[in-house]
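**Q** Below, each chain spelled out in residue letters.
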Amino acid sequence: MSRARHRAVVTGIGLLTPLGADAAGFFEAVCAGRSGLRRPAHTHPLAGILEVAGFAPDVDPATVLPPAEARRVDRFVVLAMAAADAALADAGIAVGQDADPARTAVVLANAFGGLAMFEAEALAREASGHTAVSPYLLAGMLPNMATARIAIKHGVRGYSSTISTACASGAYGVAEALRLIRDGLADVVVCGGAEAPLLPTAATTFRNSRALAAGWADPAEASRPFDRRRNGFVLGEGAGVLVVERAEHAAARGRPAYAEVAGWGVATDAYHPTAPRADGTGAATAMRLALADAGLAPADVGYVNAHGTGTKRGDAAEALAIRAVFGAHTPAVSSVKGVTGHLLAAAGAVEAAATALALRRGVLPPTHNLDDPDPECDLDHVRKAPRETATGVALSNSFAFGGHNVSLALAHPGGPSWT
Amino acid sequence: MSADVVAFTIEALRQMNFDVDGADGETVFGPAGVDLDSLAVAELALRVEDAYGVKFGEEDMERLAIMSLGEFAADVSTRAQTSSLDGAAK
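Those protein sequences? They're chains L and Y, same order as listed.
Following numbering that gives the first Met the number 0, the numbering of the first sequence begins with 0 at its first residue and continues without gaps.
Following numbering that gives the first Met the number 0, the numbering of the second sequence begins with 0 at its first residue and continues without gaps.
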């Protein structure tokens, strides 16, 4: 395989989100503004901690793992495996038949690892002593275990890695896939992110840091990116996995693509562990780099899938960044977090999938609950209803605690100027 | 009560490893004073909530972050009186 620059396309999507377990249903729910957010039941361990959360569908671990192993892994691994199974099936790939195992890769990102499993084991040790601690704890909770379990199950023998850049992790996974394909190091990359942060200790620290949306009588109204009344984000869980494939490889298999992953850009704030730079300069640089990497100009972009979490400062900084990159005539902008909540490390992959689906279908999803756009977030918002588009190019933004900013440039599979 | 809250707050900030030597009611939480970031303000709010039985909302945080210790103590005292009146009414 030469070192020439290869093109990378998305040929499979697998999503487990608060909106359900299938990608087509996910996109329809986002477009229809059907919220996946709800109040924890009063018997739930999170009742009294979280006012509202985004729960992914229940997945029986025994549907993705042999029964004896199913109880030995954290939920983030189960969500990642189920989404990877769905993405590979969607791409029509059985590794070993449709893709060379040595040229297939896995890059699954997460931020928390198996914190829920660790919390349960720590409490068991405190209550019952050291014999209560499972010998399987590390194999079930280490952050790389989503990647490893997917590789084991599907016989992936090429490159594998795990990325952990907090809320930007999933998008970094997609960027890594593009680099691997482009450099000729893989034909197929199973990439994305998974997160299962809905455990009492993790939920409590978000609550205590006052980062979460609060005081909403209707849980469906709590997540409201760019809206004047927004007051924090809604914590959610889920997984987003994309099959990113060398374009010629996909064409040889006769598989259609959702979109091309055309470029990536990363910039670091070097500012504060949790707060973004208020002027959005790191975010703006990431977008500019993604466009330059794709060989595109700002004027080519018709849509930005925003990170837009619903926090006061984060949304305002992102709006500044978008205006800095695009000037007065910003492209259409929306955030899916109004209906999904913030899926942390899964968010960037889920949103890259949403962006790919938007380009493929020519429909831009609206930002839910954006009733009264904040003047500090002055953008061309898609709100109230989806918007038809003929755009061939979009950016998908993800920003994170730690000051990690990543932007992905995606293009219609027919090319940036396919119309 | 305000003087007590000032003393409590200075001790809390000392335990949080902020430099509070010479701090008094005039000292501000912002960059010209102790220079608390948003998470430090949230931690301080938790400590004061536990100690005085008051409650701060997310919408209070930005306002707290730019107060002086004296203003903060007066705010806490008002909240404590209001919450004990609420309790008496029930």
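Warning: the hint list may mix true and false statements.
Short derived list, chain L residues pointing at chain Y, Cβ under 7 Å [as the list claims (entries may be wrong)]:
no. : residue
1   : T203
2   : N207
3   : R209
Here chain L is said to cover these stretches of chain Y; the calculated rule only asks that three of the stretch's residues, wherever they fall, bring their Cβ under 8 Å from a Cβ of chain L [unchecked claim]:
no. : region
4   : 38-52
5   : 56-68
The hints are simulated quantities; they were obtained by calculation from the structure and are not laboratory data.
Idealized CB from N, CA, C, for every residue including glycine.
**Q** Each of the hints needs a verdict: does it hold here or not?
**A** A quick look at each hint next to the structure:
1. The restraint placing L:T203 at the interface with chain Y is violated, with a minimum CB-CB distance near 11 Å, outside the 7 Å limit.
2. At a threshold of 7 Å, the smallest CB-CB gap from L:N207 to chain Y is about 6 Å, leaving the interface hint in force.
3. For the restraint placing L:R209 at the interface with chain Y, the shortest Cβ-Cβ distance is roughly 5 Å, inside the 7 Å limit, so the hint holds.
4. Coverage of a stretch by a chain is defined here by at least three residues with a beta carbon nearer than 8 Å to that chain's beta carbons; for the region 38-52 of chain Y and chain L the count is 5, and the condition holds.
5. With 5 residues having a beta carbon nearer than 8 Å to a beta carbon of chain L, the region 56-68 of chain Y meets the requirement of three or more and the stated coverage holds.
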